Structures are given as structure tokens and as C-alpha cells.
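K.L.:
Sequence:
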Amino acid sequence: DFSKTRAPMEVLEALLHAHPNAAKVHCLKNTFTPLHYACLVSSDSSLLGDADNMARLILKHCPSSSKSTTAGGLTALDVHIVSFSRELAEEAEKSSRSNSMMFTVLLKS
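All residue numbers for the sequence shown refer to our numbering, where the first residue is -5 and numbers rise by one.
Please note that a few of the clues may not be correct.
List time: in silico BS3-like cross-link candidates among lysine-lysine, alpha-carbon distance up to 30 Å [as the list claims (entries may be wrong)]:
hint, residue 1, residue 2
1, 54, 23
2, 23, 61
3, 18, 61
4, 54, 18
Hint data in this document are derived by calculation from the structure and do not stem from the laboratory.
Computed from a predicted structure; not experimentally measured.
Given only the sequences and the hints, what does the whole structure look like? Please build it.
P.N.:
Put into C-alpha cells, the structure is as follows:
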């Protein structure tokens, strides 16, 4: 279970204090930075634990990480908006609520 192996926030803070530019390192899989990952919205909220505090720590030690983009040009804010919108769409489908046509079109693009 991944949630049981998360590093404590103190470890993240110590790493960022020692190497603040590590917050700008992109993973090879989807070119996300740590801030991009912290900004993901998921129904499995245990995946990242306290993502709000993670984002605050990253921005405290490396404010310019908010400007980092993925290979597709997405900032961490963009990732948050897209993942939050998808999460809402999934919830709406489960509850049989109807989405607006534009919302559906934008999410599928």
C-alpha cells in the first residue's frame, strides 16, 4: 500500500531545503514536476496525502516551480484544473447528473 510508505513532510522539507531546484525536475513518464503531482486531484486522496501542504512547501522553497510546464505545456495549475474537472465529470456520470455539452466537449479534447 503506497499510502503507508509516504515520506513524512519533514523529509520533503529537508530535501527541498537542501536542493530547492529538485522541485523543477521533470519525471520521464509524463514530464510532471513534484508540484504537478501535488496538484493532481484524485478520488484516491490517500495517494499523496496532504497535497496542499506539499504544494506550499514546494512553492516556499522554489517559487519558480509554478512556471514549470510539462512537454505538453501544462503548468501545475493547468494539471489541477484538468484533473479536478475530470474528477467532477466522473462523479457526475456515477450520479446520473447531466453535464453541459461544452464541459463534455472540453474534457474529451
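K.L.:
Provide an ascending list of the numbers of those earlier hints which the structure does not satisfy.
P.N.:
Of the numbered hints given earlier, the structure breaks none, since each of them holds.
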